[in-house]
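Asker: In order, the protein sequences belong to chains P and L.
Its first residue numbered 1090, the first sequence is counted upward by one per residue in the numbering used here.
Its first residue numbered 317, the second sequence is counted upward by one per residue in the numbering used here.
Careful, some of the hints might be misleading.
[Unchecked claim] Ranges of calculated distance between the beta carbons of each label pair, as one might list FRET restraints:
hint, chain 1, residue 1, chain 2, residue 2, range
1, P, K1130, L, S334, 17 to 27 angstroms
2, L, R367, P, S1104, 27 to 37 angstroms
3, P, N1140, L, T429, 38 to 48 angstroms
4, L, N383, P, C1102, 39 to 49 angstroms
5, L, H388, P, K1131, 18 to 28 angstroms
6, L, Q361, P, T1171, 46 to 56 angstroms
7, L, G332, P, L1165, 41 to 51 angstroms
8, P, N1140, L, S342, 24 to 34 angstroms
9, L, G371, P, K1131, 27 to 37 angstroms
Hints in this document: simulated from the structure, not taken from any laboratory.
All C-beta atoms, glycine included, are put in the ideal place defined by N, C-alpha and C.
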Amino acid sequence: GAVVSQHPSRVICKSGTSVKIECRSLDFQATTMFWYRQFPKKSLMLMATSNEGSKATYEQGVEKDKFLINHASLTLSTLTVTSAHPEDSSFYICSAREGYPVADTQYFGPGTRLTVL
Amino acid sequence: GENVEQHPSTLSVQEGDSAVIKCTYSDSASNYFPWYKQELGKRPQLIIDIRSNVGEKKDQRIAVTLNKTAKHFSLHITETQPEDSAVYFCAASRGRVSWGKLQFGAGTQVVVTP
């Protein structure tokens, strides 16, 4: 299957700082990438949908100024958590979806564990 | 919007027995239904998927069935092994019209005891 990488795998930061997470599709072009947040023993909560060259579409209740998403190329999307606070601590996972004709399958990155002190 | 319900939330089975997880969805326009397996601290891994023009799909010990009329789909794992222990998520999507956005179920913790 297709491979999606995510960096960093783990980050600890101080409250008030910003953290950038990268998501890359390594062997395919991803027309769409998704960012999820997952709390312990919970399901994946979609935060936003990111299409290459377009502004991200955020889910209801997700602050777009807090979680900045950039999808500058067909293989890279970034999520920046701005002015992070302890309540932003979570497991963030990206996924990438191939374009037509294999338009449905999403491949997930390994996730980033963010801890805000 | 789409709502996906998944049952049971936990499932304990003896090694060698079968496991069945059931999901229902609300949006009749959904046409793609993947299943993901997630081990603790790891990424979700796609294990099988089915599209709305197919009623059943099988891959070795894993099978998925879809009933479009009733809007439910199920995952069947036969001859379970300890390595099948994980959290399993079902999902539903309207495909390209919604950019392939997935709505996930709440997950099922499967424990296979030797």
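Asker: It remains to establish, for every hint, whether it holds in the given structure.
Answerer: A quick look at each hint next to the structure:
1. P:K1130 with L:S334: 17 to 27 angstroms: holds, 25 angstroms
2. L:R367 with P:S1104: 27 to 37 angstroms: Hint violated: Cβ distance 46 angstroms, outside 27 to 37 angstroms.
3. P:N1140 with L:T429: 38 to 48 angstroms: holds, 45 angstroms
4. L:N383 with P:C1102: 39 to 49 angstroms: Given a distance of about 47 angstroms, which is inside 39 to 49 angstroms, the answer is holds.
5. L:H388 with P:K1131: 18 to 28 angstroms: holds, 22 angstroms
6. L:Q361 with P:T1171: 46 to 56 angstroms: violated, 31 angstroms
7. L:G332 with P:L1165: 41 to 51 angstroms: holds, 45 angstroms
8. P:N1140 with L:S342: 24 to 34 angstroms: Once the Cβ atoms are compared, 25 angstroms apart, the range 24 to 34 angstroms for L:S342 and P:N1140 holds.
9. L:G371 with P:K1131: 27 to 37 angstroms: holds, 31 angstroms
Checked against the numbered hints above, the structure breaks hints 2, 6 and satisfies the rest.
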